[in-house]
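Residue numbering for the sequence shown follows full-length UniProt numbering, beginning at 1 and increasing consecutively.
Please note that a few of the clues may not be correct.
[To be verified] Have a look at the derived ranges for each label pair, beta carbon to beta carbon:
1) E152 with N397: 45 to 51 Å
2) R274 with A151: 23 to 29 Å
3) N309 with T212: 34 to 40 Å
4) H144 with N397: 48 to 54 Å
5) T277 with A59: 49 to 55 Å
6) P61 with P401: 22 to 28 Å
7) N308 with T212: 45 to 51 Å
8) D257 with N309: 20 to 26 Å
9) R154 with Q266: 22 to 28 Å
Read the hints as simulated data drawn from the structure, not as lab findings. Please read all numbers here as calculations on a predicted model, not as lab measurements. All C-beta atoms, glycine included, are put in the ideal place defined by N, C-alpha and C.
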Amino acid sequence: MAAAATATTTFLPPIPTPRRRLAAAVRRPPPIFTGAADSVPPLEDEDSSDDDDAGGGEAAPRRSGRKDRRRAVRIAWEKLVRWSRSWRRRNRSDVLETTRKVVVLGGGSFGTSMAAHVAAKKADLEVSMLLRDDLVCRSINHSHINCKYLAEHRLPENIVATTSAADALAGADFCFHAVPVQFSSSFLESISTHVDPKLPFISLSKGLELNTLRTMSKIIPRALGNRRQPFIVLSGPSFAVELMNKLPTAMVVASKDKKLASAVQQLLASPNLRISTSSDVTGVEIAGALKNVLAIAAGIVEGMNLGNNCMAALVAQGCSEIRWLATKMGAKPTTLSGLSGSGDIMLTCFVNLSRNRNVGLRLGSGEKLDQIMSSMNQVAEGVSTAGAVIALAQKYNVKMPVLTAVARIIDNELTPKKAVMELMNLPQVNICFSIPNVPYSTDSHRIHSVFQIVVQTRLDYFTTFKLVHCK
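Work the whole structure out from these sequences, hints included.
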């Protein structure tokens, strides 16, 4: 019997152990979402029952991991949305409700777009535009169109244009300054008697005054004869036509007065315009001024068909030069890597809507500067700013090869082709030793101080420095 049992065990297959049957996946209908318009409906988990047969045992962990990742992303997004709604409820401001009148100085494209943006936020808000052209005034008041700039866009009916400074400034709560930098001092001096000493000035102008090297934060108080005139600078990557078309835009307001910066933020913020605040007035202004000169250089490269490699190298070098000068003037590196720095540089250097880039494009194509300027109906601030930038660099002892080359091209002392050759023939240096005009130690017992760049990738630009002293 034992032998028979052994034979049977040897030749008959073993009885299989029954496997546990997995519960069939129940496919639930998607949830009906009835929340608010700005809420985010929960994501429905994927049904993976179709993979049961194909995946086998190894597919189950993958499906579980995928579900966990999807759930984590969904939870993170829902937390972000809840935080955003909670923050808006806590920080509701009555700035717009208490504002009765806003004045815009200047009727160019950006001044017009900003007037239209503010006027559209509140129907009973009076927005007064102070202009010098009677024809444009009549066009705005009668047809609600700026016949000279952005003529394809109809303006809100609560915008009123005038040539009288007294009428425009009377009772104003905020003033937007949109006059080109080179004409700002004389213009402001002519209207200074009508300006309230406590009227906040929001500067939309980017550049440096050629003779004095001053930015708008210095020009406005000096021209008005009031050193304590409230000042805010508005900057960032923004084209007027896209603001008029209500496309998503992000900008920065900077002021030494945090409460004032917050008030302007609340005045301007809307579903299509995101406003951040900063206290780094110097960084925002210098970046906004110097990026116009760099945009001319980028246009020259494009006009000469020098290729994408050259464009990338030139803009990267230009960004470094802007950072070197701005930080010596007291700017914060984080400002230069943000919206008013890297963001504005990318927009101005790479997009055809940029006036300064188009000036460079035509220079690189062989046109003369006089012909270019006479054919334009808008101001390209980079042309007048280039000389001031070089004077400022000399004042702070910073070498700026790219921006200096632009200034010499504008002065007709160098051709674009010659400028490119000279820049390419600059000494080949190690990046750790490439920061110019560093005062080295004269002590014979010390090795020279070395500036080492610490790379932090934020919008693809270097942002901070580290000083290493070696013995």
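Which of the listed hints are not met by the structure? 6, 7, 8
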